[in-house]
Every structure is written in C-alpha cells, then in structure tokens.
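K.L.:
Here is how the chains run, residue by residue.
2 protein chains.
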Amino acid sequence: MNQNNGRVYNFSAGPSMLPLEVMEDVARELTNYKGCGQSVMEMSHRSKEFGAILEETEKSLRTLMNIPENYKVLFLQGGGTLQFSMVPINLLRKSKKADYIVTGTWAKKAAAEAKKFGDIKIVASSADTTFSYIPKVNKEDFREDADYVHITFNNTIYGTHYGYIPETGDIPLVADMSSCILSEEIDVTKFGLIYAGAQKNIAPAGVTIVIIREDLLGFAPEEAPTYLDYKVHADNDSMYNTPPCFTIYVAGEVFKHILKNGGVAPLNKIDIEKAGKLYKYIDESKLYSCPVQEDSRSLMNVVFVTGDADLDKKFIAEAKTIGLVNLAGHRSIGGMRASIYNAMPMEGVEKLIEFMKKFEAENAK
Amino acid sequence: MNQNNGRVYNFSAGPSMLPLEVMEDVARELTNYKGCGQSVMEMSHRSKEFGAILEETEKSLRTLMNIPENYKVLFLQGGGTLQFSMVPINLLRKSKKADYIVTGTWAKKAAAEAKKFGDIKIVASSADTTFSYIPKVNKEDFREDADYVHITFNNTIYGTHYGYIPETGDIPLVADMSSCILSEEIDVTKFGLIYAGAQKNIAPAGVTIVIIREDLLGFAPEEAPTYLDYKVHADNDSMYNTPPCFTIYVAGEVFKHILKNGGVAPLNKIDIEKAGKLYKYIDESKLYSCPVQEDSRSLMNVVFVTGDADLDKKFIAEAKTIGLVNLAGHRSIGGMRASIYNAMPMEGVEKLIEFMKKFEAENAK
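Just so you know, the sequences run in chain order A and B.
To convert, count from 1 in the first sequence and add 787; that's the working numbering.
To convert, count from 1 in the second sequence and add 787; that's the working numbering.
Extracted from the complex, chain A is given alone in its bound form:
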C-alpha cells in the first residue's frame, strides 16, 4: 500500500505533511536533546536550552520572511480561531470599525467573530460563486476610518489565493496566512499583522505565529482576558505563560530545514511547479475540472471535481489504497482537494497525476 518507505502521501489540508528529515532528527533526539540529558518535551521553558531554541526559532523566521525590526514575532496558542477574536479585541482601537473581505468559510468566521467587538463591514465577497475567485478591491472600497482591513490570504477549503496585496493606504492590513505562510516571498511591510496556525507549512498543530507591527500593540481594553492581549505576549517575548515548547522547537527545526535549502524563494519555485503540473493536467482532462478562476488559484490547495459525487467517492477510496490519502474535499463542499504544502514532495504530486490518469482512463464517460 505505501510507496514512500512505508509512508503515505498525505494530502490533508492540515495538520499535514512535515519534512521527513526534520521528523527523523526530532525522533533521534527525542529523549536527549543535544546531549543535555532531557527531551525538549520536558524542558523548563525558563531553561537556557529552551531560551536558545526560542531565540533561534524566531531568528530563523525573521530571516526567512525578512521581517523588519519594528515587527514583533509571537508564538501563541489557540489557532486561527483565537486570532479571530484577538485581532478585533486588539486592533479595534479608534473608530471600532473594521472591513473584511469574505473569500470563504474561515474569512466568514473571522468576520462573524469580529462583529462581537465592533462595527464590521463586508466590503467584498465571492460568496456569489461559491467562493471560486478572489475579488479585486481598491483603496476606495474601504471605509476611511476603518481600524483595519482583514483578508484570508489563502482559502484552504475553496482553493483560492490572493494574486495581489490589496492597497489599503494607511489602514493596517491584517492577513490570515495559515495555509500559505512560507510558500512565497511576502513583503511584510505591506501588512500590519500576519497570523498563521502552524499546522500546514510549519509544525504540528498547537502554535500560532503572529507577526505584528509594534505601533499596533497596546490597544486591548483593560477588561480583555490577559491572554488575548498581544502586548502582554510581546512584552514577555512569548513567555508570559508556558509556551507550547515542543511545538515551537519543531517549528524551529522546519525553519532551519528551509533555510538550509535556500529559503522561501526556491520553495516557491517548487510549489509553483508542483501546483502547475496538477492544474495543467486537470485543465486538459476530460474527467476532472477545477472550479477556481485561474488568477485566484492556490498553490497549496488544489480543488477539483469529476462532477459526479459517486465517482468522486470512488476516486478518494481508490487513491487511498495506493497510499494517496486525505484527498476528500472539505466536508462542507465535497469533491476532491489535494493539499500540497511545502513538505509534499514532487513525487507525491506525480504519483497523484499518474493515478488520476489511470482513473480517468478506467472511468471515461
């Protein structure tokens, strides 16, 4: 069944594949990290050893993303979901107005949560076509006094991705980059805040990266839960309370692995090649089609359908038998989805295309 030294190709939307070499290193030093006599799982977060891990992890991410000095990097818990609350609690600081672009389930959830805390306007949405594209917005589309604009940069469920960074003028742009972080070079200075759950391109689930411009710190109301105040975490270098140390360590190992291989640019090149091959085959195929508008397609989540729900099910089941797993689309929309994050090897995509061809030949209409 398995084709890859006993390992499957896991197309899960997240948690998802991690680089095998990184996991092998982690396994090797699991009970004794660098000869210190302890596992990273057991280490006091106040220890010299963990301090060095946290520092190096942050430094690696700063190098990978070219994060300027005037941005803080935080390692938090609670996933994107907690960010849906933390962003409005901290950033609705003057007019209490924020503008959201709704491009899928998570964007909708983010906006709905924000409505608990302020005056939220949906300035654009692609709900009209089941989120098959990213709307084009201009500076004029935003309310002049909005405290921030929120976008979901990559939409895991619908397989869409912003092909551009919306121009917001002086209004801070906030982006959920959970499912595309480190897959492409990003100009961090275009954003006021970037957040990303780790469980796609970074680490196991359990840590959330927040990159925030320093002038946006310090606006959480006094009555907000302390854990939800970015400034508390920034002032304490993500050590206000015990951080998820082991997960941060794995993230750091992944960052070092990417650095060793030349950083984000070469990864992006491979990601473009991987996704390109898959989209090309789908577009040429008579059986499969991709519902996503070409200029809005994600490099990370490739959504496709046969147009026949029973055939989709058969596809997913047969793929699984040869070690191509988790190809089902999100339970809310069905069809197929191949999530091909950074750690999905080219071979995985090639095996998938090979299988798709075979399946198409066997199930020609």
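Warning: the hint list may mix true and false statements.
Since the list gives no way to pick one copy over another, a pair counts as held whenever it fits inside one copy or between any two copies.
As the list claims (entries may be wrong) - Under the rule of at most 30 Å between Cα atoms (straight-line distance), these lysine-lysine pairs were calculated in the DSSO-like manner: (1) Lys1047 - Lys895; (2) Lys1073 - Lys835; (3) Lys835 - Lys1107; (4) Lys1107 - Lys1073; (5) Lys896 - Lys835; (6) Lys895 - Lys1018; (7) Lys1018 - Lys908; (8) Lys908 - Lys1101; (9) Lys884 - Lys835; (10) Lys1144 - Lys1107; (11) Lys1145 - Lys896; (12) Lys821 - Lys1067; (13) Lys881 - Lys902; (14) Lys1018 - Lys883; (15) Lys835 - Lys1138; (16) Lys1018 - Lys903; (17) Lys903 - Lys926; (18) Lys903 - Lys884; (19) Lys908 - Lys883.
In case anyone wonders, no lab produced these hints; they're calculated from the structure.
Starting from the structure of chain A, add chain B where the hints point.
P.N.:
Here is chain B on its own, set in the frame of chain A:
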C-alpha cells in the same frame, strides 16, 4: 555528568520529566504511527486515526480519575492562564460573585484576572506567612450567593497542597490542579470544574485539561470570544478548531502508561514515599529547612532553604554538575525547590538526598 543513561534528573517545576518508556515509544513511531504511514504530528485532526487517539485519551483519563458521565472532558489550549479568564467568563452566571482562596502566586493571578469579570472576594489567604500553609475554610466563609469558589489545589512555587477539600455546599468548587493532577485519587464529584495544564504530570506544554460538570455549561455571554466558551468545545468534543493533536497523543500515551502500572493509587503510594523521604531528611538536617507547615506540604514540589542565599546558589550549581538539574526555587522567592512529579524516579530522589548529605557535610556551619 549524567547518571541515568545519559539523562539527567530534572527537578523542573514544569515542563518537567515524562516517563522515559513513553518517550521512547513516541520516538519509535514518530515518522510512522502504527504503520499508518504518517506521523501523529502530520495527521488530519478529522482522520479516523486521530479520532481514535482522542477517544482513547479521554477514555483513559476518565478511567484514571473515575470521572462521572455528567462531566465533560475538554482538551484546550492556552494553559492555566487562559483558564484564569475562562472560569469567570463561563461560571459567573447569576450573582456575578465568586470567592477565591489565595495560597500563592497563581491563585493571586487567577483572582486578579477574575476581577475583570465580576465581584471577586478573597475569602482566605496565607499571604501573611509568605504562603507557607493552606488556610482552613468552612462553608460559612463563602458568600451564600457566590457563583463558584476557586482554589489552587497544589501551589507549585510555595510547595503547598490542600490536605482537604473545602466544603462549599451547593456552590460549585473550581480547582486548578495543574501541578498535582494524577498524583492522588480525587473525588471528582466534589468539584464543579477541574483544570490542569499538562506540562507537569501529563504531557509537553500545549494542552490544558478541563473537567466540567455539564450543568455549568452554556453560561458564557454571547459577546465572549468563541474560543473561551466551554460549551463550544464540549459540543464539538474538543474539535471546534484544530486541537494540539500531537500533545494530546503524548498525554494519551502517558495515561496508558499509568493505567498499565495500576492507575493513580500505586502512583500516589510512590509519590508519598518519594516526598516522605525528602521531607524526613530535610526535617532532620541541620543545614536545610522546609518553610512549609507540615499539614500543607506538597507531594510534588518540595521547597527548602539553607538560610544563606549564597550557599543556596552553590548548592544549585554543584547539584547541576552531577546531573541533578533545575533545583532553583522560583525566581520570585529563591531557595531550592525539588519538583518530583510522577515521572521522577525514586532513584532521582535518592541521588538528591545523597548529594544533600554530602553537601551538608562539606558545608556544615
């Protein structure tokens, strides 16, 4: 330097030692869990495999703690710190009054945070003697209309532990058991809610266990951040958003390890023996003393001093050279603290006492 197959005895207050056998098993299946071709770090939280892990983990904890059917078990993020907010947000449901017993730094923080959300009364405190004992409280000490009573069952920093469960009548009792969970048999029915960060007796940092009586669910105000509503997590079996899957898996492995060894009762017997040996030696010693009142001493955190800050420093430094690490008291109080959680082997305590004797002989006053 290391005495234990290259591993040190780690007396850290948390994160802290985990059973070596468990970590060895985790390392062995790190890149391929039970032949499924994936690491638990990579698994979709919606997969059959992770579903089975989560279910078994909860079941094991229910068995270990004899948790009744009318209690929900939740696996959350954010540590005790987020619980300091979630408890009042969810449980201040009628009078908006709650009574806190303050027995140390964490209890004080819990009460301070709760004040953001309601009328909080400190009904008893041991601050008068630097938290060297657990106050005795009776039902009459609590406000009749209090929505709950909060206690910190074991005080990691000051080395104290409740020798009794306060009688609160119909008022739900809430206990932070972060540093003593699974070290003793507890009658869960005496509590409305128990919470515990995992990083002492359970798993790496990054998951928080909440055990909550079902009738206490559903009272979070509508405007509360969704992640902070216990009911949302209970209704979704801790899968409202992506849980910290890998950390939950390690917790489950620790639970199975404890079950295999007979459950909590035999562990408690060993814990009593370990702490007993250490306290006995300290009480008999001419150099060391324990500032904690005898009936309030913790089995998990043994605090002691020489009475000479420089000598304390020398002790900590010398102990480290022979692989007895993290013996410094909390940075807020100094002195020494030996945290001897479930995973600290008897040999670790014996080595510590041996070293203490040698140090005493060499540094007799």
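K.L.:
Does each hint hold? Answer for all of them.
P.N.:
Checked hints:
1. Lys1047 - Lys895: Classified as neither; 37 Å inside a copy, 46 Å across copies.
2. Lys1073 - Lys835: Answer is neither: 59 Å inside a copy and 32 Å across each miss the 30 Å cutoff.
3. Lys835 - Lys1107: between (45 Å within a copy, 13 Å between copies)
4. Lys1107 - Lys1073: This pair counts as within: shortest intra-copy Cα distance 22 Å, inter-copy 69 Å.
5. Lys896 - Lys835: between (40 Å within a copy, 26 Å between copies)
6. Lys895 - Lys1018: So Lys895 and Lys1018 pass the 30 Å test inside a copy (26 Å) and across (21 Å) alike.
7. Lys1018 - Lys908: both (26 Å within a copy, 28 Å between copies)
8. Lys908 - Lys1101: Answer is neither: 42 Å inside a copy and 62 Å across each miss the 30 Å cutoff.
9. Lys884 - Lys835: Answer is neither; intra-copy 43 Å and inter-copy 42 Å both fail.
10. Lys1144 - Lys1107: within (15 Å within a copy, 62 Å between copies)
11. Lys1145 - Lys896: neither (39 Å within a copy, 62 Å between copies)
12. Lys821 - Lys1067: neither (45 Å within a copy, 36 Å between copies)
13. Lys881 - Lys902: For Lys881 and Lys902, the Cα distance is within 30 Å both inside one copy (15 Å) and across copies (25 Å).
14. Lys1018 - Lys883: Both. Shortest intra-copy (19 Å) and inter-copy (28 Å) distances satisfy the 30 Å Cα cut-off.
15. Lys835 - Lys1138: Intra 45 Å, inter 23 Å, cutoff 30 Å: inter-copy only.
16. Lys1018 - Lys903: both (21 Å within a copy, 17 Å between copies)
17. Lys903 - Lys926: Answer is within; shortest intra-copy Cα gap is 25 Å, inter-copy 38 Å.
18. Lys903 - Lys884: both (12 Å within a copy, 24 Å between copies)
19. Lys908 - Lys883: within (11 Å within a copy, 33 Å between copies)
Checked against the numbered hints given earlier, the structure breaks hints 1, 2, 8, 9, 11, 12 and satisfies all the rest.
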